[in-house]
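Given the structure of chain A, go ahead and fit chain B onto it with the hints provided.
There are 2 protein chains.
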Amino acid sequence: MLNQTNVKLGKVRSSIRELFEYGKQRKAEIGADNVFDFSIGNPSVPTPDDVKKTLIDLIENTDPVELHGYTSAQGDYSARSAVANQLNAKFSTELNADCIYMTCGASASLTVTLNALLNAGDEVIAFVPYFPEYKVFCGHAGGSLIAVNCDGNFQPDLQDFKAKLSPKTKAVIINSPNNPSGVIYGEQTIKEIVSIINKSGLPIYIISDEPYRELIFEDTKIPFIMNYYDKSIVCYSYSKSLSLPGERIGYIAVNNRAPDFGEIYSAVLGAGRALGFVCAPSLFQKLIATCQGATSDLSVYRANRDRLIEKLTKFGFAFAKPCGAFYIFLKAPSGNAKEFAERAKQFEILLVEGDSFGCNGYVRLSYCVSPDMIERSLPAFKKLAISYNLI
Amino acid sequence: MLNQTNVKLGKVRSSIRELFEYGKQRKAEIGADNVFDFSIGNPSVPTPDDVKKTLIDLIENTDPVELHGYTSAQGDYSARSAVANQLNAKFSTELNADCIYMTCGASASLTVTLNALLNAGDEVIAFVPYFPEYKVFCGHAGGSLIAVNCDGNFQPDLQDFKAKLSPKTKAVIINSPNNPSGVIYGEQTIKEIVSIINKSGLPIYIISDEPYRELIFEDTKIPFIMNYYDKSIVCYSYSKSLSLPGERIGYIAVNNRAPDFGEIYSAVLGAGRALGFVCAPSLFQKLIATCQGATSDLSVYRANRDRLIEKLTKFGFAFAKPCGAFYIFLKAPSGNAKEFAERAKQFEILLVEGDSFGCNGYVRLSYCVSPDMIERSLPAFKKLAISYNLI
Numbered sequence: 001m002l003n004q005t006n007v008k009l010g011k012v013r014s015s016i017r018e019l020f021e022y023g024k025q026r027k028a029e030i031g032a033d034n035v036f037d038f039s040i041g042n043p044s045v046p047t048p049d050d051v052k053k054t055l056i057d058l059i060e061n062t063d064p065v066e067l068h069g070y071t072s073a074q075g076d077y078s079a080r081s082a083v084a085n086q087l088n089a090k091f092s093t094e095l096n097a098d099c100i101y102m103t104c105g106a107s108a109s110l111t112v113t114l115n116a117l118l119n120a121g122d123e124v125i126a127f128v129p130y131f132p133e134y135k136v137f138c139g140h141a142g143g144s145l146i147a148v149n150c151d152g153n154f155q156p157d158l159q160d161f162k163a164k165l166s167p168k169t170k171a172v173i174i175n176s177p178n179n180p181s182g183v184i185y186g187e188q189t190i191k192e193i194v195s196i197i198n199k200s201g202l203p204i205y206i207i208s209d210e211p212y213r214e215l216i217f218e219d220t221k222i223p224f225i226m227n228y229y230d231k232s233i234v235c236y237s238y239s240k241s242l243s244l245p246g247e248r249i250g251y252i253a254v255n256n257r258a259p260d261f262g263e264i265y266s267a268v269l270g271a272g273r274a275l276g277f278v279c280a281p282s283l284f285q286k287l288i289a290t291c292q293g294a295t296s297d298l299s300v301y302r303a304n305r306d307r308l309i310e311k312l313t314k315f316g317f318a319f320a321k322p323c324g325a326f327y328i329f330l331k332a333p334s335g336n337a338k339e340f341a342e343r344a345k346q347f348e349i350l351l352v353e354g355d356s357f358g359c360n361g362y363v364r365l366s367y368c369v370s371p372d373m374i375e376r377s378l379p380a381f382k383k384l385a386i387s388y389n390l391i
Numbered sequence: 001m002l003n004q005t006n007v008k009l010g011k012v013r014s015s016i017r018e019l020f021e022y023g024k025q026r027k028a029e030i031g032a033d034n035v036f037d038f039s040i041g042n043p044s045v046p047t048p049d050d051v052k053k054t055l056i057d058l059i060e061n062t063d064p065v066e067l068h069g070y071t072s073a074q075g076d077y078s079a080r081s082a083v084a085n086q087l088n089a090k091f092s093t094e095l096n097a098d099c100i101y102m103t104c105g106a107s108a109s110l111t112v113t114l115n116a117l118l119n120a121g122d123e124v125i126a127f128v129p130y131f132p133e134y135k136v137f138c139g140h141a142g143g144s145l146i147a148v149n150c151d152g153n154f155q156p157d158l159q160d161f162k163a164k165l166s167p168k169t170k171a172v173i174i175n176s177p178n179n180p181s182g183v184i185y186g187e188q189t190i191k192e193i194v195s196i197i198n199k200s201g202l203p204i205y206i207i208s209d210e211p212y213r214e215l216i217f218e219d220t221k222i223p224f225i226m227n228y229y230d231k232s233i234v235c236y237s238y239s240k241s242l243s244l245p246g247e248r249i250g251y252i253a254v255n256n257r258a259p260d261f262g263e264i265y266s267a268v269l270g271a272g273r274a275l276g277f278v279c280a281p282s283l284f285q286k287l288i289a290t291c292q293g294a295t296s297d298l299s300v301y302r303a304n305r306d307r308l309i310e311k312l313t314k315f316g317f318a319f320a321k322p323c324g325a326f327y328i329f330l331k332a333p334s335g336n337a338k339e340f341a342e343r344a345k346q347f348e349i350l351l352v353e354g355d356s357f358g359c360n361g362y363v364r365l366s367y368c369v370s371p372d373m374i375e376r377s378l379p380a381f382k383k384l385a386i387s388y389n390l391i
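Here the protein sequences come in this chain order: A and B.
Anchor point for the first sequence: position 195 equals 195 in our numbering, and the numbering is continuous, going up by one each time.
Anchor point for the second sequence: position 332 equals 332 in our numbering, and the numbering is continuous, going up by one each time.
Any given hint could turn out to be false.
One copy or two, either will do: identical chains are not told apart, so a pair holds if it fits within one copy or between any two.
[Said to hold, decoys possible] Computed list of lysine-lysine pairs in DSS-like fashion (alpha-carbon distance at most 25 Å, straight line):
id	residue 1	residue 2
1	90	8
2	231	11
3	168	191
4	231	8
5	331	321
Hints in this document: simulated from the structure, not taken from any laboratory.
Nothing here was measured: the structure is a model prediction, and the numbers come from that model.
Same shape as in the complex, but just chain A (with noise of 0.2 Å):
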């Protein structure tokens, strides 16, 4: 027998996943711009030209078998040392490279960091709506995911969150700009998380997931967890801010204020070898050890966000005003996300039904796509909006 749980997850795919190749396999039947993917958060904005640059020039003048040699497990020295320089100078942390491990993107970081966390039975709370994936992480970590409820905004219900500490409560999962909400949780937020924590006397760590620190459309600060909470661990990848989600490049910083942070950072290496990550791609550790702090020109996703709440707004749909990431997470009209993504499809929509997102009733849309494919589907969204008599 084989394992079955894995034989499950391989079958069903994610959701996300799952429409991604019907867009695929539906793009190859109808042509590409006829169907209006907004499934996939796969950037849509190319890499800087440095990053271009630097590839070429690591790869024409490096020795090749440094280049691409096996790195350190914790990760090249130069990477971390860039990667803590600059969430110091952003944050005012005084990390060093010793507290940052180079991962392969953000679901390494999450899977190396809760493996390194959990024990078999542990409970790990995250916000809804949360990336589904976190459930199947926490699962094969040996723990289970606890969800706390959202406000109409999908702020966090903090008596909830209250209510669903326990002494089982091993981590916290904070995910902000939020994947599927595009929402930001705010100063105040996170001081209320972790005054909640501290009160329980429960030694809790917190997680920050957060992939879209970047991708913020607000004239809004995003609180750094290190600066709130000391046993907490930041999960990033460079996959949304330098597009580069194919390559798997990211890492894990430890809070060196923990208490236990040698623990904490044995534990991260431990789980990365025990999990077969060996070390992140070399040849992008290198980039990243020049070309902290660019970004890819995150305009264009502004201007997709404002055309398309404009216009979304305007054919009557409901939603929260996103303020960072690229997602809007829509209501559906008739209450069911999975008869709306339906629907969607039948106008050759493409938006993942949330119900996975812990949150039912809603479906997500990735603006992470060219201006030109939402003005091309701005005729389908009235369509689809006409026919749940919304305008």
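Quick look at chain B alone, frame taken from chain A:
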């Protein structure tokens, strides 16, 4: 309480990585030329020129959004297709792209496969000497590694194999050319292993871990497991054949003749997802699509091997002649591997003590180093031999 298994794993590191880090430090202290580092399997031969050219061509002439974007979880179709075609051409198999799953290197190939196959309590058989991380990977997947003895030439002890098969046995790992001994299992040995499994009537999988498949220095053919056993899975990596160990690129090939092929492939997909792999690095997947069949200039390893065999024999060291990979498994003159490795260190020779390979009294020498370093190391080896009165 953190996950203590992973805390411990992170603290002890693998003995190989430990020595690798020591070597880096020692080189900084006394100069790189004065340390003879035979510790790690980091290829010393540069990646072929074709790889360099293809990488630059891909970066210069491919739409960066496509080039660096997510691929399907199973991998880019062109890469999987190229792998299947190359295996078919080489081994007369009838695989297609959907038998292949692209991975982040050899360790990932193994962890994904083991997590696909194992349930808690399952046993996995490996023949000593074996790569120590097998134990870690099996443990994480909920199983345990059962070591089967070898004879004096590091060939499987088939009586012991037969004795250790049980209803708990889920899989057998074959690693030929072998790390750390460099020996190859001939066709007769593979046939006997298969025959013993068949006679047992147990539903056992064979996992062939073959990152050294292309590194053969004798006129020997390595039998391809799929041609001998249906329930078989091949784990591969381009780390050694293309000298890209840090880039983390490899694959899993599932034998389409396995009666439960579809279930195995689903379990592989599910395990990859649960471990957080998402997809293999996309730039290197696209490289693999066009560089099938290329290898680094492996003649250097053969020359290194020949030179070391000549001199080490002359100095009185004992070992089984390696036919492939880039390792020699040296017998500790005192019978104590730890003592031998420590004494070698005094002569600035870094050898991995081999007890963790499941075979007491040996050390591993990796000869994927520069021929220059070998020449420089010879007087040190001579002194080491003299210290044991071998000459």
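Against the structure, the hints come out as follows:
Taking the shortest Cα distances, residue 90 and residue 8 never come within 25 Å of each other, neither inside one copy (43 Å) nor across copies (33 Å). In this assembly of identical chains, residue 231 and residue 11 lie within 25 Å of each other by CA distance solely across copies; the values are 20 Å between and 37 Å within a copy. Proximity of residue 168 to residue 191 under the C-alpha cut-off of 25 Å is restricted to the intra-copy arrangement: shortest distance 22 Å within a copy versus 51 Å between copies. When the C-alpha separation of residue 231 and residue 8 is checked against a cutoff of 25 Å, the pair qualifies only between copies, where the shortest distance is 20 Å, while the shortest distance within a copy is 35 Å.
With identical chains, the CA atoms of residue 331 and residue 321 are at most 25 Å apart within one copy only, with a shortest distance of 12 Å there and 69 Å across copies.
In the structure shown, a violation is registered for the earlier hint numbered 1 alone.
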